[in-house]
Structures are given as C-alpha cells and as structure tokens.
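With the hints as your guide, set chain B onto chain A.
There are 2 protein chains.
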Amino acid sequence: MKDPIRSLEFKENKLFLIDQRFLPGKFETFVCSNFREAEFAIAKMVIRGAPAIGVTAAYGVVLAALEFMEFPRHKFFSELQKACYILSKSRPTAVNLTWSITRMQSLIDQDSEPKQIFERLKFEADKISAEDVMTNKLIGKIGNSIVPQKSNILTHCNTGSLATVEYGTALGVVRSAFASGKAIHVFVDETRPRLQGAKLTAWELAQEGIPATLIADNAAASLIKNNRIDLILVGADRIATNGDSANKIGTFMLSEIAKSYNTPFYIVAPTSTFDFNLGSGNSIEIEERDPTEITHINGMQIAPNDFNVYNPAFDITPASNITAIITEKGIIKPPFIKNIK
Amino acid sequence: MKDPIRSLEFKENKLFLIDQRFLPGKFETFVCSNFREAEFAIAKMVIRGAPAIGVTAAYGVVLAALEFMEFPRHKFFSELQKACYILSKSRPTAVNLTWSITRMQSLIDQDSEPKQIFERLKFEADKISAEDVMTNKLIGKIGNSIVPQKSNILTHCNTGSLATVEYGTALGVVRSAFASGKAIHVFVDETRPRLQGAKLTAWELAQEGIPATLIADNAAASLIKNNRIDLILVGADRIATNGDSANKIGTFMLSEIAKSYNTPFYIVAPTSTFDFNLGSGNSIEIEERDPTEITHINGMQIAPNDFNVYNPAFDITPASNITAIITEKGIIKPPFIKNIK
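Chains A and B, in that order, are what the protein sequence lines are.
Be aware that the first sequence starts at 0, since it is given in numbering that gives the first Met the number 0, and climbs by one per residue.
Be aware that the second sequence starts at 0, since it is given in numbering that gives the first Met the number 0, and climbs by one per residue.
Just so you know, the hints here were simulated from the structure itself, not pulled from any lab data.
There is no bait here: all hints are sound.
Identical chains share a label here; the pair holds if one copy fits it or two copies do between them.
Okay, derived cross-link-like pairs now, BS3-like style, lysine-lysine, Cα gap no bigger than 27 Å in a straight line:
id : residue 1 : residue 2
1  : K224      : K332
2  : K224      : K337
3  : K258      : K224
4  : K328      : K126
5  : K136      : K126
6  : K13       : K136
7  : K13       : K81
8  : K126      : K43
Pulled out of the complex, with its shape left as it was, chain A reads as follows (with noise of 0.2 Å):
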C-alpha cells in the first residue's frame, strides 16, 4: 500500500506543502519559512481547501512567533497581532481561517515569555493539524452509512487530502466507502475556473485506484437527470446555522439540479466549517479572483484581449437544497437551525 497523501507537514521550523499549483503536470514541494510565505501560499492557492488553509495559517502564525521570537518583547507581541491579523485576511470565504487563527491567537499571553509562546503555539498547530487528519477519518466511517454498496458518487472541487492535511471530507468519505470493498465509481466534475477536479481529485484518486471518470462541469446537470448518480458529495468553506453552505462555485447548481431529481446532495464538513454567527448565507462574503483565471489556462489565453470578465470563487447552496450535513459528530438532518444547534 502507497503512502496516504498528506499535502502538508511542518518540520525544522518549516512548513513543507505539496504546491498544488503544479499538479497533475509536476510534483513540488513549496517551502514557507515565514509567515508572508504561509499567507502566500493561501492567498495564491498554494494550497486550498477549507481545512487545508486552517491548518497553513496555524502553521503561520507559529512561523510568525519563530521570526520575531528576538524581537523586543511588545514588538514580539504587536508583531504577531499583526501577522495573524494579515493571515486571517489572506483569503475571505473560509470559516476555518478565522477559526483556527482565533484559536491560535487564545494562547498569545502577555504574560509569558515569547518562547514559551512559541512552543505553545507549536503544539496547538500540530494539534489542528492531527485533528484534522482523525476528524476527516471519522467523517469517512461516519458518511459511509449513507454509500450505498453499489454507487455512482458525483463530486464537485477537490475535497481530499490536498484540501486538507489528509484523507479529505466529501473524498475521504468516498476513500473510506472504497476501502470498505463498496463498489463506488466517482464522477469528477472538472470545476472551473481552477480545475481543482480535474487536476487534483483525478490526481489523488488515480494514485489509489478508485475508478473514476472525469466530466465537464456542463455534463453534470444530465448525468444527474438520467440517473446516472446515486448521490452528489461536496465539501463546504462556511456553513451558517440555518445550513446554508458556502462551496466552489457551481455547486450550488448541482444542488438545484440534485433537488429537481430527488438526487441525495450530502455536505460533508468538519465541525469547525460552521459559523456559529451566522443565520443563512446571505452575508458570507464571497470571494472574486483574478480575472485571469477565466481569460487563460496554464498561462495561456484563451479569451481576447481586456474582455470583461465576472470570477466569483463560491456559491451559496441554500439549506433546503441539502439532504444532509456530514460532520465528525455524526449526520445533521433537516430541520438544519434546530440540529445545528
């Protein structure tokens, strides 16, 4: 058996991530050894995925408490604010940026020394980093229940272990389904603009085996109306308590799609994806990128010159389009505001 894909590890004070930027072409290994490079590496994507970018701007935070460890001891202290105020803003959707940072930030203690805080906050990063790991193997026993034996399995983005430390959410549940001797075939949609499935979830599903067929985002919407899939698995970035999700943009058309033909739509998310202030998804920020990620493809480009172009990264899947919320805790059925809770 192959060893699991992990897409980061920190080691020697440096953080080592799998530069998902390359892949399926090349194999890279990007280096942080500052904090900047950690917000670079999640601004620029780097790395993605929800659960990915928490566990990188933990890790930057402790890169943070390394650099300024000999600096007067308030400049440590308004230096480190700093930081983790500029990781905190390195990309917008996530919930489990703000999470992990505000739970980094909890152990910054005026009191102590700045070393003590560094190795506290150390170990709280390898503490996101393990829990990661054991929530998305739970997730995957856990969302197993709902596969089944025999399943035609949608997915949308990449949800595996590149958007986490390891194992992944919505893949890992299909990795565990696999593992359990099911007969599972996934069908990848591409995603666009980014290509996350046709780069990455091919990528990590190739390397185990799991039989799997990429599509064109387009071809999702008829495979769903001629029965072709059996149930439609996709992560979240921010989940609000009425149980509106946050995801890659796109989903949100699958799950209409999936609601007109009675299709199971499952979010698959750890715990820390909700975001416990707010009410619905009307007023998660949705984040746009660079236009260039439309108008060219590996640097190519594909569309005339200066066009105008319209690049939001997520979508809003509203909570009556969802069959159910997978979580480590167990699997949150409608009515979404009362279990939530």
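Using the frame of chain A, we list chain B on its own:
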C-alpha cells in the same frame, strides 16, 4: 462601421472558412478544395454551429460534384451519392446537416448532365447560404421584441456569425437588440469543453463593442438565482416536434435553474432546426467527442494521464423548461406540440 463577420464564403470553386479552432488568438482561413476537406472541417470543428454546418455540407456536395464531373456518368452519380452520405455522417446531432444534404440530393437527377447538376447544386448552396443570412436577420428582428429596453442577457456557446453564415441566431437577437439602441449587457458562459463562449462569442461581441462579461459555466446558476439575468438566449442543434431541444452541453442545466427562478429561457433557431420525424428529445443521438477536449486545453494537458473521460457534446432541454422558441416564422409558445405544427 466594420464589415459583418462571415464564417464562410464560396468563391472560385473553393470554400473559404474562418478557422474557428484558432480564434481569438489567430485569424486563419481554412480552404476546402474538395468534399473531404469540407467533411474534415465539419468533423474537426474548423466550423461549427448547426446552421453553419448545414451550409458547409451543402458546399461540400458542390465540391464533390466538381471533383467527379469528368468521371464516367454512372460513377459520377455513385460517387456523388457516396459523398452526400459521408458528409451527412460528419457530425451526428445537428439536424440542419441532414436537412441541407437532403435538399441538395433532391436536385441530383439521373437524367441530367453532370455539369448541369453541378450548376444546379451550386445555385442551391448559394441559396441556402443567402437564406441563412436572411433568416437570421428576420429571427433577430422578431426576437428583439422579447428583449427588454434594459437587460442582462445570458448566452451559452456560440450562436453568432461564426455559428451561421452571418449574423447568428441567439446572438443575432443580441445584435438586433443592440443595433436598436437597447441598453443590453451580455453574460457569456465560457462553454467548456471547447470554450466557444470564451473564444468565439466573446470575440464577436468584442468586434462589435457590445457590452459583455465572460463567466465560468459554474457561475451562471448563482447569477440567475440572484436576479442578475433578465433572460437567457441559446441556440439549438435539433428540435423535436414536442419542443424538446438538443443544444450544447450545459444548456439543460441553465434551463433547469431558469425554471426554478422564473427567468425567461428562449431557444433561438431557424425552422430548419426542427426534426419533424422526432416526437421527443429522447431519441436524439448525443455526440460523444474526444476525451482530449477535457484532458487538454489548447494542446496542454490538465488532467492525469489516461484518466477516464465522459464527454457528451450536447444535452436535451425538455420543452417544459422553454419559455418560447424564436424562429424566422414567429415566436412559438407552449403548448409546443400544437404550436410547432
């Protein structure tokens, strides 16, 4: 004012096509000197779009007659019929291809001389070509009646001058609305896998200065949900007598979302797109195209090696999702079964 874009032109016994495989990066002409080159142009999508395919095939028959003119009489007829058959099989879904070839074949009369037949065929192909332009302008004028004075129009794939001889169907309505001074703005789906929206529709709109924004196909659904689209205009490759319409993959998805959110959804097509032999869309053959359309973009690999792909080029929009069908003979509203007749 600029010259209008013309996708094809027959002169000096050759068919000149804008090579749509290289737009918007390169403007190249593809010259067909024999019917095999016309078949290649259709099959390999040098030219595409149901009406343009129909006219190219008609000129393909003309080229065949020219090629075989000096053959012994019986061979002239047998080879010409064989060429008609080969051209009719160059792509499966668009009915205009069958319609056009059948119309040409009706002029192949065994009692006439090859030269006479060639001239008759040439005259007929020129007529089909001229009719296409007139038909589109009429469609544009009729269709303009349903476009609000100020509106955001969503379109999919390319239905413009490049999909026809000139002017276009759904994009012809856009041209007509713009020319009549309406404050329109077009959202252009990039239309994976072949990116006809990004490469061709965007190029046509940019040529004429029509305000437009390019989006990933995945972004359309949330725009519709958020009331940012006033109407949707798409083309068709084959329409059954109950109104079910085959069109570019992804069209069905748009129609479903439009229905859920009460956004008017129009099919725009000449009456030659109706297949009166078909009672419903169920028996329309859906072309599956090369996996490399998904795994490669402009020749660059984006997915892992040897990954399984499903690549349908079209899907079926059920009549129940269609607000009306705009043709050169008027706007057909439901009930389609009655009104199409």
